[in-house]
Amino acid sequence: MAPATSRPSAARQSSLRETNLAVLTRTLFASGGGLSRADLAVRTGLTRATVSRLCQELIEAGIVDEHEQDVATGPGRPATPLHPARRTLAGLGFEVNIDYMAGRSLDLAGTVLGEFKVPGSFADSDPAAVLPQLGELAADLVETTRATGARIVGTHLALPGLVDATATTLLFAPNLGWRSVRPMGLLGNRFRALGAEVRVANDAKLQALAAATQGPGGEAKPSTFLYVSGDIGIGSAIIVDGEISGGQHGWAGELGHVSIEPFGPLCHCGSRGCLERYAGKTAVLEVAQLPPTTPSADVLRRLEIGEERVHRAVARAGWALGIAIADALNLLDLSDVVLGTGLAPLVPWLEPSLRRELATRVLAAQFVDISVVGAPEDPCPASTGGALRALQSVISRPAAWIPGD
Numbered sequence: 042m043a044p045a046t047s048r049p050s051a052a053r054q055s056s057l058r059e060t061n062l063a064v065l066t067r068t069l070f071a072s073g074g075g076l077s078r079a080d081l082a083v084r085t086g087l088t089r090a091t092v093s094r095l096c097q098e099l100i101e102a103g104i105v106d107e108h109e110q111d112v113a114t115g116p117g118r119p120a121t122p123l124h125p126a127r128r129t130l131a132g133l134g135f136e137v138n139i140d141y142m143a144g145r146s147l148d149l150a151g152t153v154l155g156e157f158k159v160p161g162s163f164a165d166s167d168p169a170a171v172l173p174q175l176g177e178l179a180a181d182l183v184e185t186t187r188a189t190g191a192r193i194v195g196t197h198l199a200l201p202g203l204v205d206a207t208a209t210t211l212l213f214a215p216n217l218g219w220r221s222v223r224p225m226g227l228l229g230n231r232f233r234a235l236g237a238e239v240r241v242a243n244d245a246k247l248q249a250l251a252a253a254t255q256g257p258g259g260e261a262k263p264s265t266f267l268y269v270s271g272d273i274g275i276g277s278a279i280i281v282d283g284e285i286s287g288g289q290h291g292w293a294g295e296l297g298h299v300s301i302e303p304f305g306p307l308c309h310c311g312s313r314g315c316l317e318r319y320a321g322k323t324a325v326l327e328v329a330q331l332p333p334t335t336p337s338a339d340v341l342r343r344l345e346i347g348e349e350r351v352h353r354a355v356a357r358a359g360w361a362l363g364i365a366i367a368d369a370l371n372l373l374d375l376s377d378v379v380l381g382t383g384l385a386p387l388v389p390w391l392e393p394s395l396r397r398e399l400a401t402r403v404l405a406a407q408f409v410d411i412s413v414v415g416a417p418e419d420p421c422p423a424s425t426g427g428a429l430r431a432l433q434s435v436i437s438r439p440a441a442w443i444p445g446d
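For the sequence shown, position 239 matches number 280 in our numbering, and the numbering has no gaps at all.
Since the hints were made in silico from the structure, they are not lab data. It is possible that part of the hints are untrue.
[Stated by the list, open to error] What follows is a list of derived Cβ distance ranges for each label pair:
| id | residue 1 | residue 2 | range |
| --- | --- | --- | --- |
| 1 | E348 | E392 | 41 to 47 Å |
| 2 | E101 | T209 | 40 to 46 Å |
| 3 | D167 | L57 | 50 to 56 Å |
| 4 | G190 | V83 | 31 to 37 Å |
Just so you know, even glycine gets a beta-carbon here, dropped at the ideal spot from N, CA and C.
Generate the whole structure from the sequences, applying the supplied hints.
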């Protein structure tokens, strides 16, 4: 009697289907859209029948759209291009920084469905007073997003400090003066009633994710780099192959609290001589003898006309950044640096002193080209990064968003 032919179990078939769906979405979104079913079959190695069946599921779930058919260039029917769907699923990102709060919602095509940015003064503030204000603005954005017909898939709140592994609690934000804060409980009844669960993240890490991403699911270049932001303080993150590298506890990248001078000025974190006391916005304005409320545009204007004290302050910041970044590059074996938020516009004036330190202090400087560039302009990159992180859950696990799965 011939042995029975073994068949894959239902669980194995389901797992294979989920894997294949993820392969298709990752491939399509990484391309930016415009691929046909035949293109996807070639790129993924899946059969045309499998691709056709799974793409239909993605279309019906509102993850993928069919656009008008391309003009035929050969025999047979013209190919129908597929694109990330618009106004069906949306990710939300919010942030509280020292001098503003902001929010943004994005759909799978990268379209901004709604946003806000409100100035404020939140240094050494009371989270019980600040977060309800954010909650009202966030509730408005949730309602605006849902009014477009989009379903919200996730919400991330960016804060400038250490966040616990559960992504529910801010452990310590030195410049805000916040400790052990659970934001969800402070956003107010109106926001909570909308049912949008919030995950908390470090702001620099979400900024870095925005710099590493070319639209939802797309990868910008470079894809591996050290990100350094410069708002009131200094934030940092490590990006490897387009993804955040968080370390054992998710806290990797606190470059702002690397010591430049062990007995230097006292920092909000309790230590002395931290990088942000030399290269943060407050420190630069202090050395430049400018009021702490001086707009960034005014600093740039003064640099452009050659105001000496401002040039000295920025050169000092570049010197300090060069020391700290060199240590990071030696430790991490990276050769690309992206400067974000307040530092990006200053790159032409930071570079001379920064590069002198890198050339002297990076052991491998004679063997690799070290790239230092500004991040793409974005008025609220942490909000963008939060929305993108939420959407990534759809692109990496589309089966979870298909009705009936």
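Checked hints:
Checking the proposed 41 to 47 Å range against E348 and E392 shows it is violated: the Cβ atoms sit about 18 Å from each other. Between E101 and T209 the beta carbon distance is about 34 Å. The supplied range of 40 to 46 Å is therefore violated. Take D167 and L57: their Cβ atoms lie about 52 Å apart, and the range 50 to 56 Å holds. At about 33 Å, the beta-carbon gap between G190 and V83 stays in the expected band of 31 to 37 Å.
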